[in-house]
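Visitor: As they're listed, the protein sequences go chains A and B. Residue numbers for the first sequence follow this note's numbering, beginning at 1 and rising by one. Residue numbers for the second sequence follow this note's numbering, beginning at 1 and rising by one.
Worth flagging that the hints you see were computed from the coordinates, not collected in a lab. Everything numeric in this text was worked out from a predicted model, so none of it was measured. Treat each hint with caution, since some may be false.
Output of the computed footprint for chain B on chain A, the stretches with three or more beta carbons under 8 Å from beta carbons of chain B [what the hints assert, rightly or not]:
1) 4-18
2) 69-78
3) 81-94
4) 97-110
The beta carbon of each residue, even a glycine, is placed where N, CA and C say it ideally should be.
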Amino acid sequence: MTGRPRGAPPVLMDDPYADDRTSPFWDAALAGRLVCARCSTCGTFRMPPAAFCHVCRNQDVEWIELPGTGRVYTFTIIRHPLRPEFVDAVPFVVAVVSLDGAGEARLITNVVECDPDSVVVDMPVRVAWDRMSDTFVFPRFAPI
Amino acid sequence: VPASISDRAAIVGVGATPYYRRGQSLPQTPLELTCKAILAALADAGLTADDLDGFALYAGGYDPAQIASLLGVPEVRFSATLTSGGGGAAGSLGLAAAAITSGMAEVLVSVMVLQQAGRRAGGSSTAAGAPVAGNAIYGGSGSSPDAAFSAPSGLASPGQNFSLLAQRHMHRYGTTREHFAEVAISQRNNAIRRPTSITSVPLTLDDYFAARMISDPLCLLDYTLETDGAVAVITTSMERARDLAQPPVSILASANGGAGRWGQALSWHQMPDEYFASSGHRTVAKRLYEMAGVGPDAIDVALLYDHFSPMVLMQLEDYGFCAIGESGPFVADGNIRWPSGALPVNTHGGHLSEAYIVGMTHIREAVEQLRGTAVNQVDGAELALVTGGPASLPVSGTILRRAA
Numbered sequence: 001m002t003g004r005p006r007g008a009p010p011v012l013m014d015d016p017y018a019d020d021r022t023s024p025f026w027d028a029a030l031a032g033r034l035v036c037a038r039c040s041t042c043g044t045f046r047m048p049p050a051a052f053c054h055v056c057r058n059q060d061v062e063w064i065e066l067p068g069t070g071r072v073y074t075f076t077i078i079r080h081p082l083r084p085e086f087v088d089a090v091p092f093v094v095a096v097v098s099l100d101g102a103g104e105a106r107l108i109t110n111v112v113e114c115d116p117d118s119v120v121v122d123m124p125v126r127v128a129w130d131r132m133s134d135t136f137v138f139p140r141f142a143p144i
Numbered sequence: 001v002p003a004s005i006s007d008r009a010a011i012v013g014v015g016a017t018p019y020y021r022r023g024q025s026l027p028q029t030p031l032e033l034t035c036k037a038i039l040a041a042l043a044d045a046g047l048t049a050d051d052l053d054g055f056a057l058y059a060g061g062y063d064p065a066q067i068a069s070l071l072g073v074p075e076v077r078f079s080a081t082l083t084s085g086g087g088g089a090a091g092s093l094g095l096a097a098a099a100i101t102s103g104m105a106e107v108l109v110s111v112m113v114l115q116q117a118g119r120r121a122g123g124s125s126t127a128a129g130a131p132v133a134g135n136a137i138y139g140g141s142g143s144s145p146d147a148a149f150s151a152p153s154g155l156a157s158p159g160q161n162f163s164l165l166a167q168r169h170m171h172r173y174g175t176t177r178e179h180f181a182e183v184a185i186s187q188r189n190n191a192i193r194r195p196t197s198i199t200s201v202p203l204t205l206d207d208y209f210a211a212r213m214i215s216d217p218l219c220l221l222d223y224t225l226e227t228d229g230a231v232a233v234i235t236t237s238m239e240r241a242r243d244l245a246q247p248p249v250s251i252l253a254s255a256n257g258g259a260g261r262w263g264q265a266l267s268w269h270q271m272p273d274e275y276f277a278s279s280g281h282r283t284v285a286k287r288l289y290e291m292a293g294v295g296p297d298a299i300d301v302a303l304l305y306d307h308f309s310p311m312v313l314m315q316l317e318d319y320g321f322c323a324i325g326e327s328g329p330f331v332a333d334g335n336i337r338w339p340s341g342a343l344p345v346n347t348h349g350g351h352l353s354e355a356y357i358v359g360m361t362h363i364r365e366a367v368e369q370l371r372g373t374a375v376n377q378v379d380g381a382e383l384a385l386v387t388g389g390p391a392s393l394p395v396s397g398t399i400l401r402r403a404a
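Pulled out of the complex, with its shape left as it was, chain A reads as follows (with noise of 0.2 Å):
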């Protein structure tokens, strides 16, 4: 876990600002754990970690580990960089990925450490953390 993954885009928050129902996905990945939110209730996954089961409306979660794989639902390359610390990092892509274990719900990051051109939709990947501060680790997914 350490240096950043390649095609990663630049950093644009050092840490997550996280809040008591958002803190437990930082903390499991600070320690390389991928975890999602998944309801008390109704057992339906949720991503961001919400404060409401969009199914049942209660609130508790459990957090599950999962096995840190999924597949790219869709994605975009970036070729064109919206701002100027951009520059370099086009082309990077960005991705909705479907993580396995975790029901309906997907994740927005990125597809590194491979060409972007290579990337298609279905890729199986695994993730890739990305230590972008001493409180920010953020999963990446490169290909499997």
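Following the hints, put chain B in place on chain A, whose structure we already have.
Guide: Chain B only, in chain A's frame:
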């Protein structure tokens, strides 16, 4: 019989400033542009600001308090805005019709102004170091603790978000960039015939494929233009409309909203797979047709909100002009071309090629089509569909009818 807004109100005036390339409307202020459009729309109707008594708005960008004061409106009786962004464009007409049908106001204006001299509507929604609320036009992306689940990916603009929907549509249904190109090319052909258009040269398939990629699979020509200007429309009761200067254009039906899980679709991408690669309009379309008492076959011309070309395709599906997933072949067969296609789409050129005033140019074109004065007139057009969004909720649709 339950109360309905159907056929109870009509558009009686349309007014606009010239359309300008981004920033070129300076030194006019947005308020000045807004009032110019409103005064032009009132004059078109044969009315003055003395007759105006309501505002039926969407998306913001103006302040009714300032407008009413500046124009000396005698009494404001109704002032309401559909929430969120451009998704409310067509729905603002339904809001006006609701005010009129309920008797709360009689002469309403719906208006939009855009001046992108400073901030660009499609620009980045995040700032280095600290997350901020999302893009104003398309709805916010959540508060600070939630931002950590999206902003670090670099996903920051409307175009990038809609690229994700487009990519999924391509995967699921076999849609291609040639299909996106057909939307861009057909609309360009329409735009260049109009003196109001920002663009003036035709677009070829080679031009399209030579264009710079922005957020793959979307290239520059899949994106809306960036323009300035204001457009206003005046709505009043059907009874009063018959005594005014222009042939009335009836509001036959209007609906806004959408499935709740579409609410933050363009921020979080957690909507069900069934309608991930959609425009978010399916439930609105269903209610709209039910209110109108007609189906898609009855629509003569469709003015579909086109910030990004693939979203035109998804609206063609969601409004039932073709089956879900079949919009690519539908446009490839020439169906959306004017004048030869079965369903001419965006006969004014739309946001992609005429000008971007956040949906209002589509309403203007619908009115011109139903008055029979459009530059690219659809022969005998009686029913026009106009939409707002795809965007955060609400999205909206309105069916307008040439009054008998």
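Visitor: Going through the numbered hints above, which ones does this structure break? Give me the numbers in ascending order.
Guide: none
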